[in-house]
Structures are given as structure tokens and as C-alpha cells.
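Each chain sits in its own coordinate frame; assemble them with the hints.
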Amino acid sequence: MTNPNIDLKPLSEFIVDEAPERYIYDMNSGKHEVAIATKGLQVRYGDKLALSEGDLSFERYKITSLIGASGSGKSTFLRSLNRMNDDVATVSGKIMYRGLDINSADIDVYEMRRHIGMVFQRPNPFAKSIYDNITFALTQRGRYTKEQLDEIVETSLKQAALWDQVKDELNKSALALSGGQAQRLVIARALALKPDILLLDEPSSALDPISSAQVEDTLLELKKDYTIIIVTHNMQQAARISDYTAFFHMGRAIEYDLTRKIFTRPKVALTNDYISGNFG
Amino acid sequence: MNAKLADKIATTVIYVIAGMVALVLFSMLGFILVQGLPHLSWHFLTSPALSFEAGGGIGIQLFNSFYLLVLAMVISFPIALGAAIYLNEYAKKSVWTNIIRTAIEILSSLPSVVVGLFGFLLFVVQFKFGFSILSGAIALSIFNLPLLTRSIETSLAQIPYLQREAGAALGLSRWETVLHVVLPAAVPSIVTGVVLSAGRVFGEAAALIFTAGQSAPALNFMDWNPFNISSPLSPMRPAETLAVHIWKINSEGIMPDLNLVSAGASAVLIIVVLIFNFSARKLGMKLFKKLTSS
Numbered sequence: 001m002t003n004p005n006i007d008l009k010p011l012s013e014f015i016v017d018e019a020p021e022r023y024i025y026d027m028n029s030g031k032h033e034v035a036i037a038t039k040g041l042q043v044r045y046g047d048k049l050a051l052s053e054g055d056l057s058f059e060r061y062k063i064t065s066l067i068g069a070s071g072s073g074k075s076t077f078l079r080s081l082n083r084m085n086d087d088v089a090t091v092s093g094k095i096m097y098r099g100l101d102i103n104s105a106d107i108d109v110y111e112m113r114r115h116i117g118m119v120f121q122r123p124n125p126f127a128k129s130i131y132d133n134i135t136f137a138l139t140q141r142g143r144y145t146k147e148q149l150d151e152i153v154e155t156s157l158k159q160a161a162l163w164d165q166v167k168d169e170l171n172k173s174a175l176a177l178s179g180g181q182a183q184r185l186v187i188a189r190a191l192a193l194k195p196d197i198l199l200l201d202e203p204s205s206a207l208d209p210i211s212s213a214q215v216e217d218t219l220l221e222l223k224k225d226y227t228i229i230i231v232t233h234n235m236q237q238a239a240r241i242s243d244y245t246a247f248f249h250m251g252r253a254i255e256y257d258l259t260r261k262i263f264t265r266p267k268v269a270l271t272n273d274y275i276s277g278n279f280g
Numbered sequence: 001m002n003a004k005l006a007d008k009i010a011t012t013v014i015y016v017i018a019g020m021v022a023l024v025l026f027s028m029l030g031f032i033l034v035q036g037l038p039h040l041s042w043h044f045l046t047s048p049a050l051s052f053e054a055g056g057g058i059g060i061q062l063f064n065s066f067y068l069l070v071l072a073m074v075i076s077f078p079i080a081l082g083a084a085i086y087l088n089e090y091a092k093k094s095v096w097t098n099i100i101r102t103a104i105e106i107l108s109s110l111p112s113v114v115v116g117l118f119g120f121l122l123f124v125v126q127f128k129f130g131f132s133i134l135s136g137a138i139a140l141s142i143f144n145l146p147l148l149t150r151s152i153e154t155s156l157a158q159i160p161y162l163q164r165e166a167g168a169a170l171g172l173s174r175w176e177t178v179l180h181v182v183l184p185a186a187v188p189s190i191v192t193g194v195v196l197s198a199g200r201v202f203g204e205a206a207a208l209i210f211t212a213g214q215s216a217p218a219l220n221f222m223d224w225n226p227f228n229i230s231s232p233l234s235p236m237r238p239a240e241t242l243a244v245h246i247w248k249i250n251s252e253g254i255m256p257d258l259n260l261v262s263a264g265a266s267a268v269l270i271i272v273v274l275i276f277n278f279s280a281r282k283l284g285m286k287l288f289k290k291l292t293s294s
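These protein sequence lines are chains A and B, in that order.
Numbered according to UniProt numbering, the first sequence spans residues 1 to 280.
Numbered according to UniProt numbering, the second sequence spans residues 1 to 294.
Looking at chain B on its own, in the form it has when it is part of the complex (with noise of 0.2 Å):
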């Protein structure tokens, strides 16, 4: 067989291959919208689930998913720039950094599910938080820290040596350069990364059945006090999120209408983790635009 021959062979079949994954991809897609699509209305993403009767909808749950991951965010966000800054900065070989490194890449190869159950006999029973955003928001910090450390130390790897050097031939300090040249550089990138962690903390279930709960208690909208139990923003809540919803209607719904709800909850979890993926670059590139030039 002659080498063009072969060349082309190999490119069709990469090219097969590829279009499979885009194909299973699309047709997934395809699928939950087709089916969501229709049943989404401001009603239904607004109103309170109906557990008996049809007409629900899942705007607690909706609630409940983005607050979860603000919260989420906020704790792992500072956790995980730490730690990669640390590793990618000031590390060296050691014993020690290989020790931390083989421990983020083990939690972050850890079940989701086990990460929930962890979290449901750490925090909710032997620190009593109960079935709470609190717990959730923790265990999805957990869940999320790996993940997100190895992101940014990923964007500060890609930083030029040369960045640090001419900081340094400047009499700026390790720290300085890193805080005023290095972090900056990275932001976009960093930023990316992190909606897209945002996007799979988004769709997290596993991990938030046993902590954050099954149950999405009616809330007060007018109530902003954190401390009331009925106020949105009370951290000791049991809070069901959009995709425990998901789960829980196909695995124990008695709703007449379950399976609309199930795919219109499918749909907006879906265009939600959508929206969060094409927005990353974009708002990546805005905000290198931003900082390179004042």
C-alpha cells in the first residue's frame, strides 16, 4: 500500500470517528430539546413544583441550582487559586508537591456519588447541618476543587517563563509578579476554566442527593433576611436542585405530567450548561481585550 493511499485512508477514518462523536453529540441535543422545547413557558420556569398534580413547574429548583453554585464557587474558587498558585509558582520537586499532586488527581477521579455520600455522613450528620445548601454547596466544593485547581494551574503554566524573568529584572518580587503580572495574563484563561466548572457543577446530582436534599420547601421571595428559615437565600435549607428534580420525578414522580416536566427541566438544564460553555471563550477573550490595554 502506498503512503498517499494510506494517508487518505487513515484521514477518513479519523474523519468518521469524529463525525460520530459530533453525531451522538447532536443527536442528545437534538433529542432533549425536541422534547423540552415545547413545554417551557415563563410559568413553568418560575412557578413552584407540584408533586401531585399537573401544571408544576421549577423555579425553586432553578433557584436552588444557581444559588448552590454561587455558593459553591465562592468557597472552592479561592481554595483552588491558592493551591494552583502554590504548585505552579512556589512548588518545587519535592516529595511533598508529588504527594499533593497524586491527591488532587485522585479526587478528581473520585465518583461523584461517593463525594455526596461523604458529604452526607460528614456534614449532615456528624456536623448536623442537615439536608442543606450549606452541605451541598460544600460537598460541590469538593467535587469541584480538583477539577478547578488543575484549570488554573493550567492557565498559569501557560504564562511565559519570560513574564516572571521580566518581573524579576525589575526588582518585583516573586509575589508581586505573580499578583500584578502572571494572575492578570492568566485571568482570561482562568476565567474560562471556571465557567466551565461552573457548567458541571451546574449539572451536578450525585453529589448533592444526599447533602442538599430531595425536597425544595416553598420560599418566600419577599424574604431576603438569610437567617429565616423560608428566605431564599438561608444557607441551612434543604434545597433541591434542577437536575436532583430530574432525577427524582423519573424515579419516583406520581405527577400526571412527569414526563413533560422531566423534559422541560431536561431542556433548560441542557441550554443552561450551553449558555455557560459559549459564554466562557467569549467572555475569556472580552476580558483579555480588557486588561492588556488600559
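In isolation and in its complexed conformation, chain A is listed as follows (with noise of 0.2 Å):
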């Protein structure tokens, strides 16, 4: 819960720009920047520790894999970085997000959530139209003219490559769209609200083939403006599409390094049996 003596500013007031944890070095190619670091961070259900992970630093405009077997932790450190988990678990550690660690207390999550959103595995659109699930978490908090909320249906609707197939649909029920379709709404969704990072829960799992490919598309094209992170069961989805890929196992990340580094010589045996389909 916010702590009620603490003036809850939107998170942008807070911004620091210089601010240490903005940039990583990389020996070979020199400064990059951050969007989004953990620092110690700890996940506990109950009093069983789910996961123990150090720290992990996701560069600016990339895509960065999860992978890992099912229970290995990378969706509950994926879930972390936006504090889904602040109901089921006990999150510790620090999330450092442009200068501020928006792990502790006094942060204002719902404003946070709309820096850093959130796709989920199963396509959750609202009950509501096409147009109202996009607009319907802008228009909650600010107003918006017609014009300006027209424009920011296509735009979002355009990015996630679903404007063509809606347009002329826009009133018609979310409901009875088709899960490739739902899938990529509720990117729109997310993107709607210009967020900073967007976190994708294995979002293409539960996609055919053909849905699931358009989802990869609509990445590539998106991380020319948003910094990606995402979890996937899918090997070579991850190959394809992510700059970064992390290796879970047990809780901890094993290996963190670029994807073609991380697919064609991995530095720890663990990591080469899960590629080579030896477990998980």
C-alpha cells in the first residue's frame, strides 16, 4: 500500500537524468542506455522463495527474452517489474527506473503501470467496443477531445498492426475478435497509453501459428519506440525477434547476454541444455 504521508507525484515529476543506474558499459561497444534495473531483487510467496535474482539491466529500444523452463521464475521477475505480484508475494529489492526505485513504498503504482505495461499470455480485452478498450484507461484520467482520442485509436491500432482488419469495425464488441486479433488490441491497448516499457507474459502461447507471427512483427516494428521485455516458452521466438536473452533456472537468472551469444555459445552448461532441449 502508498504510504498516505508521502505527496504522490506522477512519476515523471521524479525523473533524474543522470541518474547511475542510466547507463550500462559494454567492454566492445561502449555506453548504452537503461530503461528499466534490478537490484537485489527478491520474490517470496509465503515464506518460499520463488526467486533470487541479483540484478539485471534491460537496454533502451531492445528486446530482451525470458526464457527458461515453467517455474524457473521469469514470470514472476517479469510480473515484479510492474508490481503485479504486490498482491500474492512479497517483493523485495530495488526496480530502478529512470533514477527511482519504483519498488518501495511511497510510488504512485497505478501512475507507474502506465510507464511500464503489461501484455498477458491469454488476450484479455474488456467487454466493451474496440474503440472503448482503447480509449477507456486514456479517458479515466485525462480529457481528451473526439479528435484526439480518434487519433490515438489508429495510431495505437496501426502499431500493433490490427488498423487495416478494425477500421471500419471500431464499435463492435472486443468479444468477437479473434484471438490473434484480441492479442494485438490489447497491445494497442497498452500502447495507448504511450508507456515507457512494455512487459509481454509469453503473449504469443496461446496464438496459432500464423496470430502468432503477426504478434512478432508488431514487436520488431515497436521496439524502434519502446523497450521490450518478454517472456516466452518458445526458443525460437526468442531467437528471432529479442537483442537479449536471459536464461532462468531455478529462480535465478543463469545467463544474461546477447541472443545470438546466448543461442550459438552459451558460457554455462545449463544454459546449452535448455536450448539443445535436454530439459524443461
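Since the hints were derived computationally from the structure, they do not count as laboratory data.
Treat the hints with care, since some could be wrong.
Okay, the calculated bits of chain A under chain B, using three or more residues with CB under 8 Å as the criterion [unchecked claim]:
id, region
1, 126 to 133
2, 210 to 222
3, 249 to 258
In silico BS3-like pairs for lysine-lysine, Cα to Cα no more than 25 Å straight-line [unchecked claim]:
id, chain 1, residue 1, chain 2, residue 2
4, A, 172, B, 286
5, A, 167, B, 289
6, B, 290, A, 146
7, A, 48, B, 93
8, B, 290, A, 167
9, A, 172, A, 194
10, B, 282, A, 172
Looking from chain A toward chain B, a few residues come up when the C-beta cut is under 7 Å (computed) [as the list claims (entries may be wrong)]:
id, residue
11, 110
12, 137
13, 140
C-beta atoms are modelled at their ideal positions from N, C-alpha and C, and glycine is treated no differently.
Spelled out as C-alpha cells, the structure:
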């Protein structure tokens, strides 16, 4: 719960430009901008330690895949990043975003989630029209003219590669969309809030291969403007779309590197076992 | 005995049992309708009851039933909605919520005549509301609350958890999610539950005998000021409902055509309850269509 004694400013007012967490250095390629980073993150369900992850930094405008067997803690890690685990688990450690620890008690979680959006495994459009699905969260907090909303709807749907299919039926119920369309609508809905970071929890595992490929194309398109962190069970997917890959095992990130290195020359034997299908 | 034969026998037995249930229902409905329908007329539905002569109607009782129903719903719906939202959306598992749930269960299994006597002692006697619409409406609300709460809670529980996650991920607070995502999605099923419970409340007699009273004084249908005692809207007047009327004339009626009046009133009661039941689903579906697209 947020602390009532602390003034809850919108997150944007906390931005510290040259915070130490802002950059990582790579010996080969130099300075990279960090979108979000964790420091000593631990997640407990009751007294069971589900995740004990030291420090991971995610580069801005890149796609990072989190892979690993079921129960390896990758989803737990992802859901902790925008505090979707708050109700079910105890999350300790720091999550640094724009120089601010967003895991601290005085953060306005609702405001923070507008900066760090999330898309889930199963498409979950609201039982509203396509149009209202996209504008709803916006109009709850701000005032927009009809023209502004129309434009946001169009832009977000175009970004999610859904505009051409639904532009003539924006008032139709979103529940009538196919699985792949619904998932892209959900992505558009998240994009409408203009987040910085998009977290995706196995976004295409409930979809057929064609819809899945469409979602992948969408993500590749989106990385120009968004930092994307995606949990996936599909190794080919991780290899196809991500710049970085982190391999999780038993609640730890065992190896974290450029995707091509993970998939060609992993340093840890366990990683090699997993990506070559020996377990998981 | 082989599996195929056993399956056949089981299926037959189940069909017979289901058929028996349907038969009981249809024979009762058939009996009531065949007896009562011929007696129904505009005059019967609109004129006041007569105690000593033939030719009385059920107009006032019919009006009383609807008025009480509306008042009882106005009182019980907001409370039931709030309780259901708390139980389904906010309450964590604890001793406290267990007590609430148990209380609701016990309340829902209270015989309605007990609710009526409780209402009589507390509202009619202690609070000096007298035999009145108000006492009756509160007693009906007590009778209706637990079932309505349970039904709304079930409606809310049917909305997938994913919808709440979706709201949270978009930066909506829990209340915003409940109000704008969960409730609208649950409206059709809530409405169905409300209408079904309305059917039950409409036919309730025992809870009203000692609270709304057993007399239906003449009403002045030109006077809609609720503060006048002869106004149909006055909450302080005694108000015999249709169900109570049926009970009353069958136990102590002395009008010469009491069998006809009783049959006619029963038919009206059944028809109204049937209309509630059939419209409940239709209304729910219609609302769902309307709410999900703009």
C-alpha cells in the first residue's frame, strides 16, 4: 500500500536525468542506455523464495527475452517489474526506473503502470467495443477531445498492425475478435497509454502460428519506440526477435547475454542443455 | 453386467427422474392456469376486493405486490451489491470474511415466517411502523438480501481474473477496475439474478402476513402524494399483497365466490412469476449486447 504521508507526484516529476543507473557499459560496444534495472530483487510467496535474482539491466529500445523452464521464475520476475505481484507475493530489492526505485512503498503504482505496460498470455480485452478498449484507461485519467481519441485509437491500432482489419468496425464488441486480433488489440490498448516499457508474458503462446508471427512482427516494429521485455517458452521466438536473452533456472538468471551469443556459444552448460532441448 | 447396458439403464433412470420433476411442475402450472384463467378479466385485475359479496377483484393487492417489490428491491439491491463487491473483490480470506459468509448462509436458510415475525416485533411493534408497506418492504429486504448477495457475488466471480489484471496493467485502481470493467461485464448476469429474485419476492407471503398486514384499504389512485395515507404511494399504509390475499381468502374468506377469486389470483401470481423468469434471461442477453458494443 502507498504511504499516505508522502506526496504522490506523478512519476514524470521524479525523473533524474543522469542517475547512475541510467547507463551500462559494454567493453565491446561502449555506453548503452538502460530502461529499467533490478538490484537484489527477491520474490517470496509466503516463506517460499520464488526468485532470488541479483541485478539485471535492460537496454532501451531493445527486445529482451526471458527464457527458462516452467517454474524457473521468469514470469515472476517479469510481473515484479510493474508490481503485478504485489497482492500475491513479497517483493524486496530495488527496481530502478529513471533513477527512481519503483519498488518502494511511496510509488504511485497506478501511475507507474502507465509507464510500464503489460500484456498477458491470454488475450484479455474488456467486454467493451474495440474503440472503448483503447480509450477507456486514457479517459479515466485525462480529458481528451473526440479528435484526439480518434487519433490515438488509429495510431495505436496501426502500431499493433490491427488497424486495417478493424477500422470499419471500431464499435463492435472486442469479444468478437479472433485470438490473434484480440492479442494485438490488447497490445494497442497498452500502447495507447504511451508507455516506456512493454512487458509481455508469453504473449503468443495461446495463439496459432500465423497470429503468433503477426504478434512477433508487431513487436519488431515496436522496438523503435519501446523497450520490450518478453517471457517466452518458444526458443525460436526468442532467437528471432530478441536482442538480448536471459536464461532463468530455479529462480535465478543463470546467463544473460546477446541473444546470438546465448544461442550459439552459451557460457553455462545448463543454458546449453536448455536451448538444445535436454530439459524443460 | 456390461458397461453399455449399465450406461443405458442409468440414462433411462435419469431421464425418468428429470421427467418426473418436469411433470410435477407442469401439472401444477396446468392446474392453476386451467382453474384460474377463465376467471381473469380486466374487471378482476383492476377492481378492489369484496369481503362479503361476489364479484370482487384483486386490483389493490396487485398494485401492493408490485409496490412492495420495488421498495424491497430499492432497499436490498444496493446493500447486496456492496456486500457482493466486498466479498468477491476486496475481502481476503480471514476469520472475519468467514463470519460474514456464514452469516449470509444462515440468513438465507431462515424460514420466511421467522423473518416475518422478526419484522413484526422489531419494525411493527418496537419501531411503531405498524402494519405497513415500510415494515413489509424491510422484512422482504431481509428475506431477499442473502440470496441476492450470493447471486451477485456469483455473477462477479464469473468475470475472469484476467479482466482485473488487464485493468491493473493499464494503471487503473482496483475500484476503477471494479466499477468500469468488472461490473459492466457482470451486469447481464446480475440483472438475471435480480429479476429471478424479484419473482421470489413477488410470491412471498409468510414474511408479509405480520408486517405489511392482511388488509387492503381502498386507495385513491388520483392522489400520488406519498404523505397522504390513502395515496397508493404512502409507505405507512397497510398493504395486503396478492400472495397474502390468496392465503387469507383460503383460510378465512367468506365471499361466495372465494374459490374463483382464489383461482384467479393464483393464476395471476403464477403468470407474473413466469414473466419474471422468462424475461430474466432475455433481458440479460440484451443488456450484454448493448453494453459490450457502443
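Structure-based check of each hint:
no. : hint          : in the structure
1   : 126 to 133    : holds (count 6)
2   : 210 to 222    : violated (count 0)
3   : 249 to 258    : violated (count 0)
4   : A:172 / B:286 : holds, 15 Å
5   : A:167 / B:289 : holds, 20 Å
6   : B:290 / A:146 : holds, 21 Å
7   : A:48 / B:93   : holds, 20 Å
8   : B:290 / A:167 : holds, 20 Å
9   : A:172 / A:194 : holds, 24 Å
10  : B:282 / A:172 : holds, 21 Å
11  : 110           : holds, 5 Å
12  : 137           : holds, 4 Å
13  : 140           : holds, 6 Å
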